[in-house]
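Asks: Dock chains B and C against the given chain A, drawing on the hints supplied.
Protein chains in written order, with this note's numbering: chain A, 36 to 384; chain B, 7 to 456; chain C, 103 to 330.
FYI, nobody ran anything at the bench for these hints, they're computed from the structure. For every residue, glycine included, the Cβ atom is placed at its ideal position computed from N, Cα and C. Relax, there's no trap hidden among the hints.
DEER-style ranges, computed between Cβ atoms:
| hint | chain 1 | residue 1 | chain 2 | residue 2 | range |
| --- | --- | --- | --- | --- | --- |
| 1 | C | Pro238 | A | Pro276 | 34 to 42 Å |
| 2 | B | Lys72 | C | Val307 | 41 to 49 Å |
| 3 | B | Gly292 | A | Glu333 | 39 to 47 Å |
| 4 | C | Gly128 | B | Glu185 | 47 to 55 Å |
| 5 | A | Pro276 | B | Asp83 | 46 to 54 Å |
| 6 | B | Leu186 | C | Ala107 | 52 to 60 Å |
| 7 | B | Ser422 | A | Thr178 | 55 to 63 Å |
| 8 | B | Gln259 | C | Asp306 | 53 to 61 Å |
| 9 | B | Glu69 | A | Gly113 | 39 to 47 Å |
| 10 | C | Leu323 | B | Ser264 | 54 to 62 Å |
| 11 | A | Gly113 | B | Ile261 | 55 to 63 Å |
| 12 | A | Glu333 | B | Lys72 | 34 to 42 Å |
If you want the building blocks of each chain, they are given just below.
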Amino acid sequence: MQDTVLIVGAGPAGLSAASTVTASGYKAVVVEKEEILGGAPIISGYAKLVPSGEWAKDAIGRMVSRVEEDSGVTIHKGAKVESLDGEVGSFTAKLSNGETVTAGAIVLATGFTHFDSINKPEWGFGTFEDVLTTTQMEQMVSTGKIACPSDGRVPERVAILLCVGSRDRQIGREWCSKICCTVSANLAMEIKEISPETDVFIYYMDIRTFGLYEDKFYWKSQEEFKTKFVKARIAEVTASPDGRLLVKGEDTLVKRPIIIPFDIVVHAIGMDPNEDNPEIAKVFGIGLEKHGFIERAEHYTNTCGTTRRGIYSCGAAYGPETIDDSISQGAAAASRAVADLNALVQKAS
Amino acid sequence: MNSKDPKANNETQGVAGHGSFFQQTDLSREEAVKATDWVRKHVDRRTVDLGDRMDDVREHMYELEKDGEIIIHRITDEHEPQTVKTLFGWEKKIPTKQLWHHKSCGQCGNIPGYPTSLMWFMNEFGYVPGKDYLDETDQTSCTAWNYHGSGIGNVESLAAVFLRNFHQAYVSGKQHGHELGHFFPLVHCGTSFGNYKEIRKYLIESAELREKVKKILGKLGRLVDGKLVIPEEIVHYSEWVHVMRNRIASELQKIDVSNIRTTTHVACHYYKMVHEDAVYDPEVLGGNRTAIITSIAQALGAQTIDYSTWYDCCGFGFRHIISEREFTRSFTMDRKIRVAREEANADVMLANDTGCVTTMDKNQWIGRAHDQNFSIPIMADVQFAALACGADPFKIVQLQWHASPCEDLVEKMGISWSQAKKNFQEYLKEVENGNIEYLYNPELAYGGQA
Amino acid sequence: MATYAEMQQIYDDIRGDFRYDSELNGCLNCGICTATCPAAHFYDYSPREIVQLLWTENVEQIYDAMQEKIWACAQCMTCAARCPFKNSPGGLVAIMREVAIKHEMQSAKDVLRPFGRVMLKLITTGNQLSPDMIQPDHFPDWGPNIQKVEGDLSVLRKAIPVKTLQTVETAWEVSLKTSVEMYTIWEMTGVMKSLELMDENLFDVIEDFIDEKREEYEEWLEEQEDED
Numbered sequence: 036m037q038d039t040v041l042i043v044g045a046g047p048a049g050l051s052a053a054s055t056v057t058a059s060g061y062k063a064v065v066v067e068k069e070e071i072l073g074g075a076p077i078i079s080g081y082a083k084l085v086p087s088g089e090w091a092k093d094a095i096g097r098m099v100s101r102v103e104e105d106s107g108v109t110i111h112k113g114a115k116v117e118s119l120d121g122e123v124g125s126f127t128a129k130l131s132n133g134e135t136v137t138a139g140a141i142v143l144a145t146g147f148t149h150f151d152s153i154n155k156p157e158w159g160f161g162t163f164e165d166v167l168t169t170t171q172m173e174q175m176v177s178t179g180k181i182a183c184p185s186d187g188r189v190p191e192r193v194a195i196l197l198c199v200g201s202r203d204r205q206i207g208r209e210w211c212s213k214i215c216c217t218v219s220a221n222l223a224m225e226i227k228e229i230s231p232e233t234d235v236f237i238y239y240m241d242i243r244t245f246g247l248y249e250d251k252f253y254w255k256s257q258e259e260f261k262t263k264f265v266k267a268r269i270a271e272v273t274a275s276p277d278g279r280l281l282v283k284g285e286d287t288l289v290k291r292p293i294i295i296p297f298d299i300v301v302h303a304i305g306m307d308p309n310e311d312n313p314e315i316a317k318v319f320g321i322g323l324e325k326h327g328f329i330e331r332a333e334h335y336t337n338t339c340g341t342t343r344r345g346i347y348s349c350g351a352a353y354g355p356e357t358i359d360d361s362i363s364q365g366a367a368a369a370s371r372a373v374a375d376l377n378a379l380v381q382k383a384s
Numbered sequence: 007m008n009s010k011d012p013k014a015n016n017e018t019q020g021v022a023g024h025g026s027f028f029q030q031t032d033l034s035r036e037e038a039v040k041a042t043d044w045v046r047k048h049v050d051r052r053t054v055d056l057g058d059r060m061d062d063v064r065e066h067m068y069e070l071e072k073d074g075e076i077i078i079h080r081i082t083d084e085h086e087p088q089t090v091k092t093l094f095g096w097e098k099k100i101p102t103k104q105l106w107h108h109k110s111c112g113q114c115g116n117i118p119g120y121p122t123s124l125m126w127f128m129n130e131f132g133y134v135p136g137k138d139y140l141d142e143t144d145q146t147s148c149t150a151w152n153y154h155g156s157g158i159g160n161v162e163s164l165a166a167v168f169l170r171n172f173h174q175a176y177v178s179g180k181q182h183g184h185e186l187g188h189f190f191p192l193v194h195c196g197t198s199f200g201n202y203k204e205i206r207k208y209l210i211e212s213a214e215l216r217e218k219v220k221k222i223l224g225k226l227g228r229l230v231d232g233k234l235v236i237p238e239e240i241v242h243y244s245e246w247v248h249v250m251r252n253r254i255a256s257e258l259q260k261i262d263v264s265n266i267r268t269t270t271h272v273a274c275h276y277y278k279m280v281h282e283d284a285v286y287d288p289e290v291l292g293g294n295r296t297a298i299i300t301s302i303a304q305a306l307g308a309q310t311i312d313y314s315t316w317y318d319c320c321g322f323g324f325r326h327i328i329s330e331r332e333f334t335r336s337f338t339m340d341r342k343i344r345v346a347r348e349e350a351n352a353d354v355m356l357a358n359d360t361g362c363v364t365t366m367d368k369n370q371w372i373g374r375a376h377d378q379n380f381s382i383p384i385m386a387d388v389q390f391a392a393l394a395c396g397a398d399p400f401k402i403v404q405l406q407w408h409a410s411p412c413e414d415l416v417e418k419m420g421i422s423w424s425q426a427k428k429n430f431q432e433y434l435k436e437v438e439n440g441n442i443e444y445l446y447n448p449e450l451a452y453g454g455q456a
Numbered sequence: 103m104a105t106y107a108e109m110q111q112i113y114d115d116i117r118g119d120f121r122y123d124s125e126l127n128g129c130l131n132c133g134i135c136t137a138t139c140p141a142a143h144f145y146d147y148s149p150r151e152i153v154q155l156l157w158t159e160n161v162e163q164i165y166d167a168m169q170e171k172i173w174a175c176a177q178c179m180t181c182a183a184r185c186p187f188k189n190s191p192g193g194l195v196a197i198m199r200e201v202a203i204k205h206e207m208q209s210a211k212d213v214l215r216p217f218g219r220v221m222l223k224l225i226t227t228g229n230q231l232s233p234d235m236i237q238p239d240h241f242p243d244w245g246p247n248i249q250k251v252e253g254d255l256s257v258l259r260k261a262i263p264v265k266t267l268q269t270v271e272t273a274w275e276v277s278l279k280t281s282v283e284m285y286t287i288w289e290m291t292g293v294m295k296s297l298e299l300m301d302e303n304l305f306d307v308i309e310d311f312i313d314e315k316r317e318e319y320e321e322w323l324e325e326q327e328d329e330d
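Same shape as in the complex, but just chain A:
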């Protein structure tokens, strides 16, 4: 059993971890609660990924097939870990499908849950047909046609509202979801490219297109695609009698409230802790940090650890994370798990 690592979750981080485990000569057992592998990018039908511009289906699809074709990986789909016994070096996990897995170490790549916009009802999602989330808008982009869901007209003006479900103490979500600024700038470019007559406005509190995303997304969306960035947090979204959406914001230049008409309003939804985290914490005996994400063992010397020895984590399970970094962290967590197991064996012999 000390040659096996149990990986929970088969999104970008988990898939990366599984491949790293087998590349190190160890065996991986992957437990995924959904019936398909790939995590949020596949299950939620993401379109083009940031920053590569590749289709999620292609990019994450490659990771899935790499794992599925790997003889060192055993995969349990549609299954959850229901209970866990033992300790580092000899864990025994009982799965919901009746199987038992023994493993020396565990990597939790359990990811996140998308924020559901109905928790911000004053922004009109669930009330007006033409209020969408970024993921729904990505789906529209992937059909190649930009149109208002209510009546199919081509929108003249689209507003993207940032920080929906992020940076908002009113609904107990104080964190920045990290990816939405870049994703939205990218989305604005995609919209403009398909529908040149559509103007896109992005309403923001701060723009966080960190690192190399600054010019590639933030600047480019302005320079080449004329995306308008407006510093204002929208108060409410309502509708006028002709069906157009009305967005209430502040014109920060003149310090005055203004009401602006739009045809489509897009919520740049953030990342919540996995809604199963309370259950995950209980089953695996690990701690959660104050926002509800998985707590890190120690920031500098055990950055892939959790509060329990032998259990590691990575990616969006720790907090909002990009796909690229999730993949790196999956590899890091797997390496650390394998290294610790190796040390355990050495010490015993």
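Replies: The following block gives chains B and C in isolation, referenced to the frame of chain A:
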């Protein structure tokens, strides 16, 4: 490996991946629907565990009670409470019986049809005055109108007024031959409701404030066993109407109102102050806006019409309605009356607070001076409900105090305004002769027994 | 014009209020408060500006804002319900108004003078508004048709089927004992003192009224004892 070469894709698909070389994602319609299934799956505030991140002040209140610091005026089975859900899916108990009417100075002074319609409903349900409800003279207003308007007053004075009034509510039962806590306060005013909740929060959070006001309440003889009395819930009259709406419609409704187009204006101080305590119901407006007012209009079968300034304040402003009237009337005409009239083409605007009704009702006439020739009847949810249940437009609903064209609504509901007015003018002669009709025995108001 | 030290003192008093730290957590400068502010539609007033001035401790501009701007706020508290940082700009304005009164700022006196009638009613009766105040001569802009039935006010009030509401000078009948208890609250919480600072004449009128009511109450108590 996937057969497509991603690099080639990038080069042929334009900078953002689309353009004239746009290539579909190859998802069939069914696949695309399935892929976005999660969007339609509600992960709502009623299921998301907010843990310690959202503070429910009531939990701290129970701790203070346990520590022997305060007495909580509890809602018991005798109050026949109904449980509703608030913004974050927390539960709130709304007592439906044994209620202490905590009146609103603006309503009583200006829109008396509010409290009379409410008490009329209680009588219609067979409530016994003095046992199932009490209206008495031992209460002051919350004084928050003045505080919000002028800045004269302070947290301490507001807290002392709050505790004095609610202590009286607590002991009133005993004075009328029942137990302590028999009558639970039902707050008529929206600003009182918001203010009391804010003050209760400060009282629970600050030991220093509790210490200060304890001295005052002690001097007034308004402590119980040396402790402050704080009610378990602050309950607004419109929440009572909300939980009684189906009984009102099924047991008492006499007039079909399906032809009536209603719009709602919910008071800011009802659902924006301490907003986690406002009532939401998945059955009403999808749970996306507070259920209050819309729920009773729906239950009665009236049409409920949305309008673009639904969230806007009425323009009351506390001081503004007295001494900045051009603001108040401009705002209410521009952002409320015009929109309800022109956009929603509504027959009536329903509200649940004092200042809102006053502001929207009284400021329509002056609009004509600015070519704003539109008007709309303004009244409270409970007044509209009383009309639908056959209450007299004058004697009970007291529409004679309204300036807006309420007669239009009354006529559309099939009630003869002129006949009702004639009857009322006859009644006024009776009143002059001392033949006054009461909803309850007047002696009760002065501590008399039922 | 106030000295810098005076302005600093005013700021310190605002900051010293026990609510201050929970009403001002920081500021993201997002403008949602101003977006949703009814007063910002009509006045040179922006709640975001107020918050920024306080947060950056700009004592001169704070003093300036207290001359006029803070009185524009309608206290609807929509800003507090919307702020992602959970600040309460409206709550901060309430603190600033209290401090303006404490410092006897002339602007506060000017602004509050027309509000005196309401304060007189409130402090003396515990009701803010009474039927005799809502008459056409007080509110000509409400039109000649404030009421739909002509008649003597006291008769019209008696036609309200609730005993406590058959009043003209108060919104409802408040028992004498209740009023006297309320006067004690005003005195013990410093409300009478603020009133004296703001409007000495009004204060004198109210003091006389209160003394009278107290005497009445004492007499009533004695009568009760005699009867027992």
